[in-house]
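S.K.: Whenever a hint applies, use it, and build me the whole structure from the sequences.
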Amino acid sequence: ETGVTQTPRHLVMGMTNKKSLKCEQHLGHNAMYWYKQSAKKPLELMFVYSLEERVENNSVPSRFSPECPNSSHLFLHLHTLQPEDSALYLCASSQGREGYQPQHFGDGTRLSIL
Amino acid sequence: AQKITQTQPGMFVQEKEAVTLDCTYDTSDQSYGLFWYKQPSSGEMIFLIYQGSYDEQNATEGRYSLNFQKARKSANLVISASQLGDSAMYFCAMRAPYNTDKLIFGTGTRLQVFP
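Protein sequences, first through last, are from chains A and B.
Residue numbers are given in my numbering: position 45 of the first sequence equals residue 45, and the series is strictly consecutive.
Residue numbers are given in my numbering: position 101 of the second sequence equals residue 101, and the series is strictly consecutive.
Errors might be hidden in some of the hints.
Said to hold, decoys possible - Using 27 Å as the maximum straight-line C-alpha spacing, the simulated DSS-like pairs for lysine-lysine come out as follows:
{"no.": "1", "chain 1": "B", "residue 1": "K102", "chain 2": "A", "residue 2": "K36"}
{"no.": "2", "chain 1": "A", "residue 1": "K19", "chain 2": "A", "residue 2": "K36"}
{"no.": "3", "chain 1": "A", "residue 1": "K22", "chain 2": "B", "residue 2": "K102"}
{"no.": "4", "chain 1": "B", "residue 1": "K73", "chain 2": "B", "residue 2": "K102"}
{"no.": "5", "chain 1": "B", "residue 1": "K70", "chain 2": "A", "residue 2": "K41"}
{"no.": "6", "chain 1": "B", "residue 1": "K70", "chain 2": "B", "residue 2": "K3"}
{"no.": "7", "chain 1": "A", "residue 1": "K18", "chain 2": "B", "residue 2": "K73"}
{"no.": "8", "chain 1": "B", "residue 1": "K3", "chain 2": "A", "residue 2": "K36"}
{"no.": "9", "chain 1": "A", "residue 1": "K36", "chain 2": "A", "residue 2": "K18"}
{"no.": "10", "chain 1": "B", "residue 1": "K102", "chain 2": "B", "residue 2": "K3"}
{"no.": "11", "chain 1": "A", "residue 1": "K41", "chain 2": "B", "residue 2": "K3"}
{"no.": "12", "chain 1": "A", "residue 1": "K40", "chain 2": "B", "residue 2": "K102"}
{"no.": "13", "chain 1": "A", "residue 1": "K36", "chain 2": "A", "residue 2": "K22"}
{"no.": "14", "chain 1": "B", "residue 1": "K70", "chain 2": "A", "residue 2": "K19"}
{"no.": "15", "chain 1": "B", "residue 1": "K16", "chain 2": "A", "residue 2": "K41"}
{"no.": "16", "chain 1": "A", "residue 1": "K41", "chain 2": "A", "residue 2": "K19"}
{"no.": "17", "chain 1": "A", "residue 1": "K19", "chain 2": "A", "residue 2": "K40"}
{"no.": "18", "chain 1": "A", "residue 1": "K41", "chain 2": "A", "residue 2": "K22"}
{"no.": "19", "chain 1": "B", "residue 1": "K73", "chain 2": "B", "residue 2": "K3"}
{"no.": "20", "chain 1": "B", "residue 1": "K70", "chain 2": "B", "residue 2": "K102"}
{"no.": "21", "chain 1": "A", "residue 1": "K40", "chain 2": "B", "residue 2": "K3"}
To be clear, the hints were calculated from the coordinates, so they are not data collected in a lab.
M.R.: Right under this line is the structure:
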């Protein structure tokens with residue numbers, strides 16, 4: 001496998017459910033990111049991990065909880081979400097955090113909250 | 001404030017023709033990076049091309065080139081010899097200052113290539 005893999009591709013959940021999104025990168029990168037993409041809005045950075053440590057949290061509600069057990073895996077734990085949380089959630093990775101390093105994205109998880 | 005503006009919500013181009021997608025940016029930083037990504041309907045964001053603020057030459061990657069005009073703060077993407085598979089959303093993004101983790105994205109341009 002190559003690139004960044006996200007599972008599941010689609011997720012429908014109720015507001016009281018607990019679920020997790022998974023991201024795995026096979027690029028040997030050491031930084032990973034979660035983004036939210038809502039309709040007609042620019043991508044929003046949610047979390048950044050560098051060398052498995054969280055380095056940025058852009059005022060994301062606590063109902064989103066990230067976990068980075070190692071440099072290849074990133075999770076986003078979800079609980080008691082709201083309808084406005086329905087969106088495409090994209091994971092990305094990069095080799096370092098230097099300015100010229102592009103971020104490589106997965107296919108995303110399309111999340112729908114009932 | 002850091003901002004990316006893409007003023008073309010949609011563009012049409014005929015196969016084999018060239019097309020330019022506009023991007024203007026706003027930053028007070030002297031050192032920054034500019035990126036273009038392609039997002040097909042499948043959802044994946046595909047990195048296309050990068051331009052650093054101190055790069056003197058315009059970046060090129062195959063059929064993609066970046067028309068970088070620093071004084072005008074524009075970083076337009078030029079796709080030559082369009083193909084049907086180029087139909088997708090295209091996003092311009094900026095990293096400013098240069099060493100920040102945060103990529104600031106524009107709202108995107110939907111490109112449709114017709115035969």
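S.K.: Quick one: which hint numbers does this structure break? Sort them smallest to largest.
M.R.: Numbers 7, 14 and 15 - these are the hints that the structure violates, sorted from lowest upward.
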